[in-house]
Amino acid sequence: GAGVSQSPSNKVTEKGKDVELRCDPISGHTALYWYRQRLGQGLEFLIYFQGNSAPDKSGLPSDRFSAERTGESVSTLTIQRTQQEDSAVYLCASSLGGAGGVYEQYFGPGTRLTVT
Amino acid sequence: KNEVEQSPQNLTAQEGEFITINCSYSVGISALHWLQQHPGGGIVSLFMLSSGKKKHGRLIATINIQEKHSSLHITASHPRDSAVYICAVRRYGNKLVFGAGTILRVKS
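Sequences listed follow chains A and B, in order.
If you use the numbering used here, the first sequence corresponds to residues 812 to 927, in order.
If you use the numbering used here, the second sequence corresponds to residues 5 to 112, in order.
No lab work stands behind these hints: they were computed from the structure.
There's no promise every hint is true.
[To be verified] Okay, derived cross-link-like pairs now, SDA-like style, lysine to any residue, Cα gap no bigger than 20 Å in a straight line:
#, chain 1, residue 1, chain 2, residue 2
1, B, LYS59, A, TYR917
2, B, LYS99, A, GLU915
3, A, LYS868, B, LYS59
4, B, LYS99, A, TYR914
5, B, LYS99, A, LYS822
6, B, LYS99, A, PHE876
7, B, LYS57, B, PRO83
8, B, LYS59, A, GLN852
9, B, LYS58, A, THR841
10, B, LYS58, A, ALA865
11, B, LYS99, A, ILE837
12, B, LYS99, A, GLN852
13, B, LYS57, A, GLU883
14, A, LYS822, B, GLY46
15, B, LYS72, A, VAL900
16, B, LYS72, A, PRO819
17, A, LYS868, B, ARG95
18, B, LYS58, A, ILE837
19, B, LYS72, A, TYR917
20, B, LYS72, A, GLU825
21, B, LYS99, A, GLN891
22, B, LYS99, A, ALA865
23, B, LYS58, A, PHE876
24, B, LYS99, A, SER864
25, B, LYS111, A, GLN852
26, B, LYS59, A, VAL913
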């Protein structure tokens with residue numbers, strides 16, 4: 812079946828502009844995660860959605876970052892007033908979910924964001 | 005100190021060699037993941053484990069919960085194994101904390 816998809820694959824934007832990144836999880840996966848990988852650095856957790864529960868936003872680096880998820884499907888990560896330090900690959904992952912369960916995460920191909 | 009430490013940071017091996025990558029962590033976890041990231045960025049989950057040992061083909065992952073340590077082994081390494089290998093631990097809840105990765109290059 813189809814894996815996790817993300818769009819766009821590449822985005823170049825000017826400093827100060829807003830950007831929206833999209834993630835389509837695997838159908839039936841109730842958990843969705845956003846991560847960031849800056850050049851030469853490791854992956855960082857940003858936000859986690861599980862079903863209808865309140866999202867875990869503990870990894871969002873500033874209030875310029877926000878994310879939404881429509882039910883158990885598409886998620887959008889929005890970065891307002893982009894800064895050069897926001898340049899990174901933004902990765903989305905999804906998994907089956909549920910209280911107390913531990914499930915494998917499936918990663919999308921990522922969106923490479925460049926802020927000029 | 006990072007919650008997840010990997011070693012070595014870089015590893016070069018000859019084709020056919022047995023490879024070990026280590027991961028130590030300092031927090032309580034519900035599971036540990038080994039991920040593979042190829043040039044171009046795609047990430048594939050290799051293993052998720054919370055105890056003991058798992059094997060897929062030439063890859064073996066072990067975890068010692070008491071010692072807070074995991075190892076990823078590659079037997080009969082091949083140039084196509086060249087990639088970044090990332091250890092990630094799942095805290096109670098679902099947040100993943102990642103190690104910095106080990107860059108593996110296997111020469112033919």
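Against the structure, the hints come out as follows:
For the hint linking B/LYS59 to A/TYR917, the alpha-carbon distance of about 19 Å falls within 20 Å, and the restraint holds. Among the hinted pairs, B/LYS99 with A/GLU915 is consistent with the structure: their alpha-carbon atoms are about 12 Å apart, no more than 20 Å. A distance of roughly 34 Å separates the Cα atoms of A/LYS868 and B/LYS59; the hinted pair therefore is violated under the 20 Å criterion. For the hint pairing B/LYS99 with A/TYR914, the CA-to-CA distance comes to about 12 Å; that is within 20 Å, so the pair holds.
With a CA separation close to 26 Å, the supplied pair B/LYS99 and A/LYS822 exceeds the 20 Å bound. Taking the CA atoms of B/LYS99 and A/PHE876, the gap is about 18 Å. The hint holds against a cut of 20 Å. Restraint check for B/LYS57 and B/PRO83: the C-alpha separation of about 25 Å exceeds 20 Å, so the hint is violated. Only pairs whose Cα atoms come within 20 Å are accepted, and B/LYS59 paired with A/GLN852 is rejected, the gap being roughly 28 Å.
Simply put, B/LYS58 and A/THR841 have alpha-carbon atoms about 26 Å apart, too far for the 20 Å limit, and the pair is violated. With a C-alpha separation of about 34 Å, the suggested pair B/LYS58 and A/ALA865 falls outside the 20 Å cut-off, and the hint is violated. At most 20 Å may separate the alpha-carbon atoms for a hinted pair to count; B/LYS99 and A/ILE837 meet this at roughly 19 Å. At roughly 18 Å between alpha-carbon atoms, B/LYS99 and A/GLN852 fall within 20 Å of each other, so this suggested pair holds.
About 33 Å separates the Cα atoms of B/LYS57 and A/GLU883, which puts this hinted pair outside 20 Å; it is violated. Taken as a hint, the A/LYS822 and B/GLY46 pair is honoured in the structure, with Cα atoms around 17 Å apart against an allowance of 20 Å. Between B/LYS72 and A/VAL900, the direct Cα distance comes to roughly 30 Å. Violation of the 20 Å bound is thereby established for this hinted pair. Between B/LYS72 and A/PRO819 the CA atoms are separated by roughly 39 Å; this puts the pair beyond 20 Å, and the hint is violated.
Straight-line distance between C-alpha atoms of A/LYS868 and B/ARG95 comes to about 15 Å, which keeps the hinted pair within the 20 Å bound. Restraint check for B/LYS58 and A/ILE837: the C-alpha separation of about 25 Å exceeds 20 Å, so the hint is violated. Straight-line distance between C-alpha atoms of B/LYS72 and A/TYR917 comes to about 25 Å, which puts the hinted pair past the 20 Å bound. Using a Cα cut-off of 20 Å, the hinted pair B/LYS72 and A/GLU825 is violated, with the two alpha carbons roughly 44 Å apart.
Proposed proximity of B/LYS99 and A/GLN891 is contradicted: the alpha carbons are some 24 Å apart, above 20 Å. Under the criterion of a C-alpha separation no larger than 20 Å, the hint pairing B/LYS99 with A/ALA865 is consistent with the structure, at around 14 Å. This hinted pair does not check out: B/LYS58 and A/PHE876 have alpha carbons roughly 38 Å apart, beyond 20 Å. Distance hint between B/LYS99 and A/SER864 is fulfilled; the C-alpha atoms sit about 15 Å from each other, no more than 20 Å.
Distance check on the hinted pair: B/LYS111 and A/GLN852 sit about 24 Å apart at the alpha-carbon level, beyond 20 Å; violated. With a C-alpha separation of about 19 Å, the suggested pair B/LYS59 and A/VAL913 falls inside the 20 Å cut-off, and the hint holds.
Violated hints, listed in ascending order, are 3, 5, 7, 8, 9, 10, 13, 15, 16, 18, 19, 20, 21, 23, 25; each of the other numbered hints is respected by the structure.
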